[in-house]
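Since the structure of chain L is provided, determine the placement of chain Y on it from the hints.
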Amino acid sequence: MRFSSVILSAFCLLSPVAHAHAFLDGAIPAVGSTIASAPPDLVLNFTEGIEPRFTRVELLDSAGAPVATHDQRSGGPRQLLLGLPALKPGDYQVIWHAVSVDTHKTEGHFTFHVAP
Amino acid sequence: MNITPLRGVVAAAALAALALPNHAHAHAIAGDRTFPVTLTMDDPGVADEASIPTFSVQRQGADGGPGPVYNYNLGIEYDKRITENFGLAVNWGGAAQQTLHGSTQYGWQNLFVTAKGRAYMNPEHEFILSVGVQRELSHVGTTQLGADTYGSTTPLVYVGKGMGDLPWDYVRPFAVTGEFGYTIADVGLKGTTTFDPGTGQPSTSFNAGNENRYSGGVSIQYSLPYLQAQVRDLGLGPVLGRMIPLVEFTWSSPATAPSGLGTTWQAAPGVIWLGSTWQFGIEALIPLNKTTGTNVGVIAQFHIFLDDLLPNSLGKPLLEW
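Residue numbers (our numbering), protein chains in the order written: chain L, 1 to 116; chain Y, 1 to 321.
Be careful, since some hints might not be right.
In silico SDA-like pairs for lysine to any residue, Cα to Cα no more than 25 Å straight-line [unchecked claim]:
| # | chain 1 | residue 1 | chain 2 | residue 2 |
| --- | --- | --- | --- | --- |
| 1 | L | Lys-105 | Y | Phe-86 |
| 2 | L | Lys-105 | Y | Asp-165 |
| 3 | L | Lys-105 | Y | Asn-85 |
| 4 | L | Lys-105 | Y | Val-131 |
| 5 | Y | Lys-290 | Y | Gly-178 |
| 6 | L | Lys-105 | Y | Gly-237 |
| 7 | L | Lys-105 | Y | Val-159 |
| 8 | Y | Lys-316 | L | Ser-33 |
| 9 | L | Lys-105 | Y | Ile-29 |
| 10 | L | Lys-105 | Y | Trp-273 |
| 11 | Y | Lys-316 | L | Thr-103 |
| 12 | Y | Lys-316 | L | Pro-52 |
| 13 | L | Lys-105 | Y | Lys-80 |
| 14 | Y | Lys-316 | L | Arg-53 |
| 15 | L | Lys-105 | Y | Leu-314 |
| 16 | L | Lys-105 | Y | His-125 |
Every beta carbon over 12 Å from chain Y, so not counted as near; a handful from chain L, in silico [claimed, not checked]:
| # | residue |
| --- | --- |
| 17 | Ala-22 |
| 18 | Asp-61 |
| 19 | Gly-64 |
| 20 | Val-67 |
| 21 | Thr-69 |
| 22 | Asp-71 |
| 23 | Gly-83 |
| 24 | Lys-88 |
| 25 | Lys-105 |
Think of the hints as simulated: they come from the structure by calculation, not from any bench.
The structure displayed is predicted, hence computed values, not measured ones.
Glycine included, every Cβ here is placed at the ideal spot set by N, Cα and C.
Only chain L is shown next, with the shape it has when bound in the complex (with noise of 0.2 Å):
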């Protein structure tokens, strides 16, 4: 068997078990975006499977005061849903901590802009 068609079988074997980091792969509203009015939930979708009991999200104002938030819950295996109140205009930073499925600690911050 050729070295090529052996690493393609491992790969094939590795590949349903392997979860890695869960890095961010999108959200809502959108990293460093500007939006006219806050959506009901903010949406972070990940690259991986998450952890959501380990998992944490805390939403800061453009002063840095934590914003009064509802509940965080799952929307999947790799989306978390934070509840968000009526947003002022302003600029709002996003702070997350990450578990992946294989315990794996991933972080990351962005902001986005509430416009008047």
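Just chain Y, lined up with the frame of chain L:
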């Protein structure tokens, strides 16, 4: 000093070996930042992973020698964490050398073992500092293809700094990594000068030792995954959005005299595609001075992250400490 054709070939191979140091590669995460595995130098990470393989080809001119020489290198690497922040890496590979008018020669590279430990990490400022030591084990590689006859030991310092803490949005995806070392040869290079009794012309012959050398590298990276996830989602998609354009600069210069090889400088611009469990990188190898060479080569690497692929077996540290 006259250079025989064979010495010209070996010199070309040695230059290629210098330009492509057998450094351990490991990706690293510091806060929001993922430092990818760089191709011509090491990054500050300690991880469970493997390069299968790294391939390079570069043509070397050989002034006074047999003409152009094509150096092919095919290397593998295995990185294993012993504890969470300390690991060992092994690099080995094969080499082939094709001359214009001669047959292709095949051989092995020397074996390199690297011990590396993460000394400090500041997630908030995306900063990592690691230290290590690399041991070159001789009598493994093929000296005719440029492998050193004697081994060496290289203490190393590695740093990585992401620019995510800067206030300028489109500057934040930038990151810089560096690696700096001092190679101490087991057997020093010594020259013996003799004079031709007839002509009185001097000629110098050298032993098979090496001079001590300073070496290092700096990479400048622009992470599109970081741009997408931390700064602004430009909708780049799964292909472009996971690319990290970068340029790596590597350098090596003699620290003791005499010196068999002068100072070498190389730039390696390219791109790395960073996946969840693997990455692929390809870069041009551009000599920046005549000593390094005059022809552009290429290096490509396929690298897997064992801590992501096999988190409960090969991908975890041997000791929970």
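Structure-based check of all given hints:
1. L:Lys-105 with Y:Phe-86: holds (18 Å)
2. L:Lys-105 with Y:Asp-165: Holds, because 20 Å separates the two Cα atoms, which is no more than 25 Å.
3. L:Lys-105 with Y:Asn-85: holds (15 Å)
4. L:Lys-105 with Y:Val-131: Measuring from Cα to Cα gives roughly 24 Å; hence the hint holds.
5. Y:Lys-290 with Y:Gly-178: holds (24 Å)
6. L:Lys-105 with Y:Gly-237: Holds: L:Lys-105 and Y:Gly-237 sit about 24 Å apart, inside 25 Å.
7. L:Lys-105 with Y:Val-159: Distance of about 22 Å is within 25 Å: holds.
8. Y:Lys-316 with L:Ser-33: violated (38 Å)
9. L:Lys-105 with Y:Ile-29: Status holds; Cα separation ~10 Å.
10. L:Lys-105 with Y:Trp-273: Holds, at roughly 21 Å.
11. Y:Lys-316 with L:Thr-103: holds (11 Å)
12. Y:Lys-316 with L:Pro-52: holds (23 Å)
13. L:Lys-105 with Y:Lys-80: Distance ~19 Å between L:Lys-105 and Y:Lys-80 Cα, so the pair holds.
14. Y:Lys-316 with L:Arg-53: The given pair, whose Cα atoms are some 23 Å apart, holds under the 25 Å limit.
15. L:Lys-105 with Y:Leu-314: holds (18 Å)
16. L:Lys-105 with Y:His-125: Holds, at about 17 Å.
17. Ala-22: It is violated; L:Ala-22 is separated from chain Y by about 9 Å at its closest Cβ, not greater than 12 Å.
18. Asp-61: holds (18 Å)
19. Gly-64: Its Cβ never comes within 12 Å of chain Y, the nearest being 14 Å, so this holds.
20. Val-67: The claim holds: L:Val-67 sits with its nearest Cβ about 19 Å from chain Y, beyond 12 Å.
21. Thr-69: holds (20 Å)
22. Asp-71: holds (24 Å)
23. Gly-83: holds (22 Å)
24. Lys-88: Its Cβ never comes within 12 Å of chain Y, the nearest being 22 Å, so this holds.
25. Lys-105: violated (9 Å)
Violated hints for the displayed structure, listed by number in ascending order: 8, 17, 25.
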